[in-house]
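Chains as they are written, first to last, in this note's numbering: chain F, 1 to 84; chain U, 1001 to 1104.
Just so you know, these hints were derived from the structure itself, not from any lab.
Cβ coordinates follow ideal geometry from the N, Cα and C atoms, glycine included.
Among these hints, one or two may not hold up.
Unchecked claim - Quick list of the computed label-pair ranges, beta carbon to beta carbon:
1. His1102(U) x Met1(F): 46 to 56 angstroms
2. Ile1028(U) x Ala13(F): 20 to 30 angstroms
3. Leu67(F) x Met1001(U): 30 to 40 angstroms
Unchecked claim - In silico contact screen, one side only, chain F against chain U (beta carbon under 7 angstroms); selected entries:
4. Thr9
5. Ala10
6. Leu36
7. Ile43
8. Gly71
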Amino acid sequence: MNAWLIGATALLAGLLPCGWVVLRGQLTEALVALELASTVVTIVLVLIAQGFDRSSYFTVPVVLAALSFVGTLVFVRFLGDRWL
Amino acid sequence: MIVDVLIAVGVTAELICCVGLLAMRSAIDRLHYAGAGTVAAPGLIAAAVCVEDGVFTSNGLNAIVVALLLALLGAALATATARAIRVRERGTLEPTATERAHGS
């Protein structure tokens, strides 16, 4: 257990407030919480990759950072057009 | 030592953003914390990786790419989300008569 993995474990606690807002908030607030949750998970994956010292693990957060943007943008489009 | 401090500050900054998201009342207020979370913490964590492994290493470059992606795409996403929230709540992006009167 090193500082990277300790940081990753501590940062996972940040998903609890995001999850609470997703479950209890309005639709727009849930979308904002989803954005922050995807950022938190991306950083956790970076910390895990560095903590295990495996450079190949860095592929996962790189792909997630790009794909979470696209995925959330679809929700934003639906939200703005009132399809949701 | 520097690496540990950068990790601690980065993780703390992100956790503060998460708590702020929970504490705020409106979607736009919450969006400010979500936007801050895409800039501060990823930059600090990328800096920690670069301090430990060096900038021009596989890990260092990957961490920088992740931080840049989150910062640039996060800003664009925050703008798009704010516009969608505004359209959903007010029906238009144009300022209302009250907002014009108050100059905001």
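Structure-based check of each hint:
For His1102(U) and Met1(F), the hinted distance range of 46 to 56 angstroms is satisfied, since their beta carbons lie about 54 angstroms from each other. For Ile1028(U) and Ala13(F), the hinted distance range of 20 to 30 angstroms is satisfied, since their beta carbons lie about 25 angstroms from each other. A hinted range of 30 to 40 angstroms holds for the C-beta pair Leu67(F) and Met1001(U), which are about 35 angstroms apart. Restraint check, Thr9(F) versus chain U: the minimum CB separation of about 10 angstroms is more than 7 angstroms; hint violated.
With a cut of 7 angstroms, the hint placing Ala10(F) at the interface with chain U holds, because the nearest CB-to-CB distance is about 5 angstroms. Given hint, Leu36(F) at the interface with chain U, holds; its Cβ is 4 angstroms from that chain's nearest Cβ, closer than 7 angstroms. A cut of 7 angstroms between beta carbons decides the hint on Ile43(F): the least distance to chain U is about 6 angstroms, and the hint holds. Evaluation of the Gly71(F) hint against chain U yields a violated restraint, the C-beta minimum of about 10 angstroms exceeding 7 angstroms.
The earlier numbered hints that this structure contradicts are 4 and 8.
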